[in-house]
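Q: Residue-level listing of the chains:
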Amino acid sequence: MLRIEDLHVEVDGKEVLAGVNLEVPAGQTCVLFGPNGSGKSTLLHTLMGFGQYKVTKGKVYFMGRDITDVPIDERARMGMGILLQRPPNIVGLQLRDLVKAAGDGHLDIDETAEALLMKRFLERDVNVGFSGGEIKRSELLQLSMQEPCFLLLDEPESGVDMESIDLVGKKIHDLLYDKKGCGWEKGNRSKSALVITHTGQILNYIDADCAYVIRGGQIMCKGRPRDILRDIQEKGYGECIKCRMVKF
Amino acid sequence: MPDGQVLRKRAEEALKVRGAYGKDYELDSYEAASSDRDRVESLEDIAADQRKTMTDVGVIPDSVGRSGSLIYVDNTVVHNTTADQGLELIPTHEAMEKYDWLEDYAWRAVQVDKDKYTARAYLENANGYFIRVKAGKKVEFPVQTCMMIDSNKRTQHTHNIIIVEEGASLDIITGCATSGHASESLHLGMSEIYVHENGSLNFSMIHNWGKETGVRPRTGVELGKNAKFVNNYVIMKPAGSVQSYPTCYLNGEGASAKFNSIALSHPGSEIDLGSQVVMNAPKTASEILSRSITLGGEMIARGRLVGNAQNIRAHLECRSLIMSETGRTLAIPELEAMYPDVEMTHEAAVGKIAREQVEYLMARGLDEDAAVGMIVRGFLEGSIRGLPESLREEIDEAVNMANLGN
Numbered sequence: 291m292l293r294i295e296d297l298h299v300e301v302d303g304k305e306v307l308a309g310v311n312l313e314v315p316a317g318q319t320c321v322l323f324g325p326n327g328s329g330k331s332t333l334l335h336t337l338m339g340f341g342q343y344k345v346t347k348g349k350v351y352f353m354g355r356d357i358t359d360v361p362i363d364e365r366a367r368m369g370m371g372i373l374l375q376r377p378p379n380i381v382g383l384q385l386r387d388l389v390k391a392a393g394d395g396h397l398d399i400d401e402t403a404e405a406l407l408m409k410r411f412l413e414r415d416v417n418v419g420f421s422g423g424e425i426k427r428s429e430l431l432q433l434s435m436q437e438p439c440f441l442l443l444d445e446p447e448s449g450v451d452m453e454s455i456d457l458v459g460k461k462i463h464d465l466l467y468d469k470k471g472c473g474w475e476k477g478n479r480s481k482s483a484l485v486i487t488h489t490g491q492i493l494n495y496i497d498a499d500c501a502y503v504i505r506g507g508q509i510m511c512k513g514r515p516r517d518i519l520r521d522i523q524e525k526g527y528g529e530c531i532k533c534r535m536v537k538f
Numbered sequence: 002m003p004d005g006q007v008l009r010k011r012a013e014e015a016l017k018v019r020g021a022y023g024k025d026y027e028l029d030s031y032e033a034a035s036s037d038r039d040r041v042e043s044l045e046d047i048a049a050d051q052r053k054t055m056t057d058v059g060v061i062p063d064s065v066g067r068s069g070s071l072i073y074v075d076n077t078v079v080h081n082t083t084a085d086q087g088l089e090l091i092p093t094h095e096a097m098e099k100y101d102w103l104e105d106y107a108w109r110a111v112q113v114d115k116d117k118y119t120a121r122a123y124l125e126n127a128n129g130y131f132i133r134v135k136a137g138k139k140v141e142f143p144v145q146t147c148m149m150i151d152s153n154k155r156t157q158h159t160h161n162i163i164i165v166e167e168g169a170s171l172d173i174i175t176g177c178a179t180s181g182h183a184s185e186s187l188h189l190g191m192s193e194i195y196v197h198e199n200g201s202l203n204f205s206m207i208h209n210w211g212k213e214t215g216v217r218p219r220t221g222v223e224l225g226k227n228a229k230f231v232n233n234y235v236i237m238k239p240a241g242s243v244q245s246y247p248t249c250y251l252n253g254e255g256a257s258a259k260f261n262s263i264a265l266s267h268p269g270s271e272i273d274l275g276s277q278v279v280m281n282a283p284k285t286a287s288e289i290l291s292r293s294i295t296l297g298g299e300m301i302a303r304g305r306l307v308g309n310a311q312n313i314r315a316h317l318e319c320r321s322l323i324m325s326e327t328g329r330t331l332a333i334p335e336l337e338a339m340y341p342d343v344e345m346t347h348e349a350a351v352g353k354i355a356r357e358q359v360e361y362l363m364a365r366g367l368d369e370d371a372a373v374g375m376i377v378r379g380f381l382e383g384s385i386r387g388l389p390e391s392l393r394e395e396i397d398e399a400v401n402m403a404n405l406g407n
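In order, the protein sequences belong to chains A and B. When we follow my numbering, the leftmost residue of the first sequence carries the number 291, and every step to the right adds one. When we follow my numbering, the leftmost residue of the second sequence carries the number 2, and every step to the right adds one.
One chain only, chain A, in its complex shape:
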């Protein structure tokens, strides 16, 4: 589904990713752990193609195609969708208009919004004055309409209160297990994902297949998500990485 080879990325002239190698097979969900500043968000943003992230070396393959230089909107149309941690405010643009533009018209906007408790936000300006949880639900609403095959989720549980976390987690589960096929199946799951998480809470909802740990702009190890999370929680990133040191 997604293959990253020796990816080097600069932000404002400074190298943030220094040779990332990573793979997400079709139908699988992989989790990305890493301390603050390790390059997790940079990797997700680079995969979506955002302009601030300059690929200086390496390749990204999506569904077998080299997309390293493909524009953002084309990636979206190929089936990539991102949940941003801090999306921009857009004054004057109503959420309903954005949600409508993100979909192809076959899903009912009001019903989809209602399921995410976002109906009363549809006439609000996009992200303006939204709380942490509202931003996540707004992002999920847009993704629900967009129906991507490959989800990039940047800390979906951060800033969400305990009550909303269940809603957010279940919605992400539904997105991944949506029966609308993307051309492959793994069990009941039709979609793939790369998910950044700090707390691992989201693991309760998504049944992840693999986990990577990134530090200093490089993937330090790979393993089973629950094992890695336990090691990080018990020993911290440093020990976890030492312990499992398998250089990619």
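Derived by calculation from the structure, the hints in this document are not laboratory data. Heads up, a few of these hints could be off.
[Claimed, not checked] Taking lysine-lysine pairs in the BS3-like style, the calculated list, with each CA pair at most 30 angstroms apart, reads:
hint	chain 1	residue 1	chain 2	residue 2
1	B	Lys353	A	Lys304
2	B	Lys353	A	Lys344
3	B	Lys17	B	Lys115
4	B	Lys353	A	Lys390
5	A	Lys525	A	Lys512
[What the hints assert, rightly or not] Simulated restraints, written as ranges between beta carbons of each label pair:
hint	chain 1	residue 1	chain 2	residue 2	range
6	A	Glu300	B	Asp57	48 to 54 angstroms
7	A	Gly449	B	Ser325	36 to 42 angstroms
8	B	Pro62	A	Gly449	53 to 59 angstroms
9	B	Pro62	A	Val360	44 to 50 angstroms
10	A	Val381	B	Leu336	19 to 25 angstroms
11	A	Val418	B	Ala349	18 to 24 angstroms
12	B	Ala349	A	Tyr467	46 to 52 angstroms
These figures come from a predicted structure and were not determined experimentally. A virtual CB, placed ideally from N, CA and C, is assigned to each residue, including glycine.
Go by the hints and put chain B onto chain A.
A: Frame of chain A; chain B shown alone:
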């Protein structure tokens, strides 16, 4: 009561007085456009090309959903009909003959000797529309008026008087346009608006001038106690030089005024839009919102709020986007207060569209043009509530045409 002789003398003396802003026009090099055009009984009888010009500025030819229509071509009222009791819509000349009391209103909110343009309109005995809503009458559908210039290198001068009596309410949609062959003309539009106690008026304008057309409207508004006035000014198409600076006087306690301007300045255009609200009575409120974009032309957004009484609230907001390497934008917000207990604020912002916003929408599958268009539409109309549908359509169409993503 202003004596005709006195007014004439004042106007004559002002014929050389240049406008305070904008390019100067030498009025002697323009002849007046015809004041003797044929009358049209039904709007559907208007020639196809003229009808197209009208519909492009929001005029509905069959008048469905309108309480009345008045069409002014060159310097002639060619058509006026009303479908509503309590609403009067007739040529200004006819109204002046009919009502002696109208002299108390004419040339009061707009002074004849303000500059050469007001002077010229007065001395040419400009006709125009007279709209009166009788006390207590709430007019359900908007009145539509159209000012069209149909002959080249001529002046169109109008003198419009609108009176909304006590407790009455009205919406007006005005389309101003030039025919394709009449681009190098001059529009001198005088409008005097009086809204009495508890009255309400929403006045919306769409403009479609020629690339060389000079436009010098002069507008004065007086509001009585608790009267409400909303002014929507939309100009999306290229124009030669438009300079407008209506002044609204809030003379009655509790009155409120809102001026919304939405403008695009194309290469070669000079768009100088301002509004001034003078708050002469306590507990009055006013707001000036300006959203503009330069695509290579000159764009000036002025706004002035004067707090001339106690306990007033006023806010002014000018936001402008620059979407071209050429062109210029200038925002001039001004606040003036004479009393301590006033709440007056302003903000102005000039800049370009944030790349981050464009990419965010692209990540949802919109191509770059569609993403920019969506952000621009939101920028122009999103913050302005209650904009009539025809104005939204005008904005949407212009944004689509301008191909702003490039």
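Q: Range first: 46 to 52 angstroms. Now tell me if the beta carbons of B:Ala349 and A:Tyr467 are that far apart.
A: Holds: the Cβ-Cβ distance is about 50 angstroms, inside 46 to 52 angstroms.
Q: Could you grab the alpha-carbon distance between B:Lys353 and A:Lys344 and see if it respects the 30 angstroms cut-off?
A: holds (22 angstroms)
Q: Check the following: the C-beta atoms of A:Val381 and B:Leu336 are separated by a distance inside 19 to 25 angstroms.
A: Given about 23 angstroms between the Cβ atoms, the range holds.
Q: Taking the Cβ atom of B:Pro62 and the Cβ atom of A:Val360, is their distance within the range 44 to 50 angstroms?
A: holds (49 angstroms)
Q: Between B:Pro62 and A:Gly449, does the beta-carbon spacing fit 53 to 59 angstroms?
A: holds (55 angstroms)
Q: With a cut-off of 30 angstroms on the C-alpha distance, tell me whether B:Lys17 and B:Lys115 pass.
A: holds (11 angstroms)
Q: Return holds or violated for the Cβ distance of A:Val418 and B:Ala349 against the range 18 to 24 angstroms.
A: With Cβ atoms ~19 angstroms apart, the hint holds.
Q: Is B:Lys353 within 30 angstroms of A:Lys304, Cα to Cα?
A: holds (25 angstroms)
Q: Tell me if the straight-line CA distance from A:Lys525 to A:Lys512 falls inside 30 angstroms.
A: holds (16 angstroms)
Q: At the C-beta level, are A:Gly449 and B:Ser325 separated by a distance inside 36 to 42 angstroms?
A: holds (39 angstroms)
Q: Would you say the C-beta atoms of A:Glu300 and B:Asp57 sit inside 48 to 54 angstroms of each other?
A: The hint (48 to 54 angstroms, Cβ to Cβ) holds, given that A:Glu300 and B:Asp57 are roughly 50 angstroms apart.
Q: Taken at face value, is the distance from the CA of A:Lys390 to the CA of B:Lys353 at most 30 angstroms?
A: holds (25 angstroms)
The structure agrees with every numbered hint stated previously.
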